[in-house]
Amino acid sequence: MTIYSFWIFDRHCNCIYNREWTQIIPQHTTDSSSLPSGSINSKNSEDAAKLLFGALFSLRNIARKLGDGFDEENTLNSYSTAKYRAHFYESASGLRFCILSDPKTQHLQNVLKDIYSNIYVEHIVKNPLSPVDFKPGSKITNPRFIRLIDNYLPTI
Amino acid sequence: MSKSIRVASDDIWKNRVDKVNSELFTLTYGSVVAQLVRDFKSDYNKVNQQLEKMGYNIGIRLIEDFLSKTGTGRCVSFKETAEVISKIGFKIFLNITPAVTNWSSDGKTFSLILDENPLAEFVELPDDGKAVKELWYSNVLVGVLKGALEMVQLEVEAHFVSDVLRGDSSTELRLKLIKILKDEIPAGED
Numbered sequence: 001m002t003i004y005s006f007w008i009f010d011r012h013c014n015c016i017y018n019r020e021w022t023q024i025i026p027q028h029t030t031d032s033s034s035l036p037s038g039s040i041n042s043k044n045s046e047d048a049a050k051l052l053f054g055a056l057f058s059l060r061n062i063a064r065k066l067g068d069g070f071d072e073e074n075t076l077n078s079y080s081t082a083k084y085r086a087h088f089y090e091s092a093s094g095l096r097f098c099i100l101s102d103p104k105t106q107h108l109q110n111v112l113k114d115i116y117s118n119i120y121v122e123h124i125v126k127n128p129l130s131p132v133d134f135k136p137g138s139k140i141t142n143p144r145f146i147r148l149i150d151n152y153l154p155t156i
Numbered sequence: 001m002s003k004s005i006r007v008a009s010d011d012i013w014k015n016r017v018d019k020v021n022s023e024l025f026t027l028t029y030g031s032v033v034a035q036l037v038r039d040f041k042s043d044y045n046k047v048n049q050q051l052e053k054m055g056y057n058i059g060i061r062l063i064e065d066f067l068s069k070t071g072t073g074r075c076v077s078f079k080e081t082a083e084v085i086s087k088i089g090f091k092i093f094l095n096i097t098p099a100v101t102n103w104s105s106d107g108k109t110f111s112l113i114l115d116e117n118p119l120a121e122f123v124e125l126p127d128d129g130k131a132v133k134e135l136w137y138s139n140v141l142v143g144v145l146k147g148a149l150e151m152v153q154l155e156v157e158a159h160f161v162s163d164v165l166r167g168d169s170s171t172e173l174r175l176k177l178i179k180i181l182k183d184e185i186p187a188g189e190d
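Protein sequences, first through last, are from chains S and P.
Last residue of the first sequence? That's 156 in our numbering, and every number before it is there in order.
Last residue of the second sequence? That's 190 in our numbering, and every number before it is there in order.
Hints in this document: simulated from the structure, not taken from any laboratory.
Among the hints, a few may not be true.
[Unchecked claim] No more than 30 Å apart at the CA atoms, straight line, and that leaves these computed lysine-lysine pairs for DSBU-like:
{"no.": "1", "chain 1": "S", "residue 1": "K135", "chain 2": "P", "residue 2": "K179"}
{"no.": "2", "chain 1": "P", "residue 1": "K108", "chain 2": "S", "residue 2": "K65"}
{"no.": "3", "chain 1": "S", "residue 1": "K126", "chain 2": "P", "residue 2": "K179"}
{"no.": "4", "chain 1": "P", "residue 1": "K69", "chain 2": "S", "residue 2": "K65"}
{"no.": "5", "chain 1": "S", "residue 1": "K113", "chain 2": "P", "residue 2": "K14"}
{"no.": "6", "chain 1": "S", "residue 1": "K135", "chain 2": "P", "residue 2": "K46"}
{"no.": "7", "chain 1": "S", "residue 1": "K126", "chain 2": "P", "residue 2": "K87"}
{"no.": "8", "chain 1": "P", "residue 1": "K182", "chain 2": "S", "residue 2": "K126"}
{"no.": "9", "chain 1": "S", "residue 1": "K113", "chain 2": "P", "residue 2": "K87"}
{"no.": "10", "chain 1": "S", "residue 1": "K65", "chain 2": "P", "residue 2": "K182"}
{"no.": "11", "chain 1": "P", "residue 1": "K19", "chain 2": "S", "residue 2": "K126"}
{"no.": "12", "chain 1": "P", "residue 1": "K182", "chain 2": "S", "residue 2": "K139"}
{"no.": "13", "chain 1": "P", "residue 1": "K53", "chain 2": "S", "residue 2": "K126"}
{"no.": "14", "chain 1": "P", "residue 1": "K69", "chain 2": "S", "residue 2": "K135"}
{"no.": "15", "chain 1": "P", "residue 1": "K182", "chain 2": "S", "residue 2": "K135"}
{"no.": "16", "chain 1": "P", "residue 1": "K179", "chain 2": "S", "residue 2": "K65"}
{"no.": "17", "chain 1": "P", "residue 1": "K87", "chain 2": "S", "residue 2": "K135"}
{"no.": "18", "chain 1": "P", "residue 1": "K79", "chain 2": "S", "residue 2": "K113"}
{"no.": "19", "chain 1": "P", "residue 1": "K130", "chain 2": "S", "residue 2": "K126"}
{"no.": "20", "chain 1": "S", "residue 1": "K65", "chain 2": "P", "residue 2": "K176"}
{"no.": "21", "chain 1": "S", "residue 1": "K50", "chain 2": "S", "residue 2": "K83"}
{"no.": "22", "chain 1": "P", "residue 1": "K79", "chain 2": "S", "residue 2": "K65"}
{"no.": "23", "chain 1": "P", "residue 1": "K179", "chain 2": "S", "residue 2": "K113"}
{"no.": "24", "chain 1": "P", "residue 1": "K46", "chain 2": "P", "residue 2": "K176"}
{"no.": "25", "chain 1": "P", "residue 1": "K69", "chain 2": "S", "residue 2": "K126"}
{"no.": "26", "chain 1": "S", "residue 1": "K113", "chain 2": "P", "residue 2": "K46"}
{"no.": "27", "chain 1": "P", "residue 1": "K79", "chain 2": "S", "residue 2": "K139"}
The task is simple: from the sequences and hints, build the whole structure.
Set out below in structure tokens:
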């Protein structure tokens, strides 16, 4: 299983966190200091982020309109192409989390929820010095958050 | 459904939330209010406003904690929102379950009756003739509800209508749905 990148979009549709890995994550890392290289927060305002957001946003709206039952809302969990799969989780407050992985990877919903409740809420929301409502152009730069994400994602 | 809500929130309260001694919380809140009263030289309307503002800032963070713990999605009706607030929200954060009553006929306004109010334990309002008429001691709750609901796209108006601290027979918090806000959409390329 390979993870290519990880994205968080806030309720104002801006990309507030972006992590991209350039090399394949080793399956069983024994030495946690040798984290895979890549870039952090380098593509937040680039077209790639906007296009990815647009794709997820439109598909989510389509999913909602096409499959809405009376009791429960239809949600977008993931979509896949020949080359990658995008996993998507949206909180009721409008935060959107996305992981791009190789197409063979199944179900990362729990992972995304886990990141939301154990990393985002614990280290961004409960950190009084960090904003919760991000201004346009601002992003998550909290080193602890970045470290936790980097430690967590390679272990799944 | 309302039964399953109750079971779920009991479970969250028992197993999934970190707790502190409620007296510690009550007294901390008490010192905040006392300090505000001093800072604003007993101008209780300003104290109310300030408490609401503080509550708002708490609410916009608290909602994320709430959503991540409960995993609830958007409510389909304001009635459901009311249930979720009283049976899950109040339960997991304050371990109380206020009664939801006094629905207006259009279904947009309801009251929360707080039989017990952990914020107001050990409290007696000062006997200066003004506090009893003007101060809403637990006004922070108003702000919390407003802030939290705004983050899930519900604009509400909230205020206390009675408080046992003022000698009323019950503590009643009234919530009115103003409108459902639209989700923001990405800016176009124009």
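Taking the hints in turn, this is what the structure says about them:
no., hint, result
1, S:K135 to P:K179, "holds (24 Å)"
2, P:K108 to S:K65, "holds (26 Å)"
3, S:K126 to P:K179, "holds (28 Å)"
4, P:K69 to S:K65, "holds (28 Å)"
5, S:K113 to P:K14, "holds (21 Å)"
6, S:K135 to P:K46, "holds (29 Å)"
7, S:K126 to P:K87, "holds (23 Å)"
8, P:K182 to S:K126, "holds (26 Å)"
9, S:K113 to P:K87, "holds (23 Å)"
10, S:K65 to P:K182, "holds (16 Å)"
11, P:K19 to S:K126, "holds (15 Å)"
12, P:K182 to S:K139, "holds (24 Å)"
13, P:K53 to S:K126, "holds (18 Å)"
14, P:K69 to S:K135, "holds (26 Å)"
15, P:K182 to S:K135, "holds (19 Å)"
16, P:K179 to S:K65, "holds (22 Å)"
17, P:K87 to S:K135, "violated (33 Å)"
18, P:K79 to S:K113, "holds (27 Å)"
19, P:K130 to S:K126, "violated (37 Å)"
20, S:K65 to P:K176, "holds (29 Å)"
21, S:K50 to S:K83, "holds (19 Å)"
22, P:K79 to S:K65, "holds (23 Å)"
23, P:K179 to S:K113, "holds (29 Å)"
24, P:K46 to P:K176, "holds (22 Å)"
25, P:K69 to S:K126, "holds (14 Å)"
26, S:K113 to P:K46, "violated (40 Å)"
27, P:K79 to S:K139, "violated (36 Å)"
The structure shown violates the earlier hints numbered 17, 19, 26, 27.
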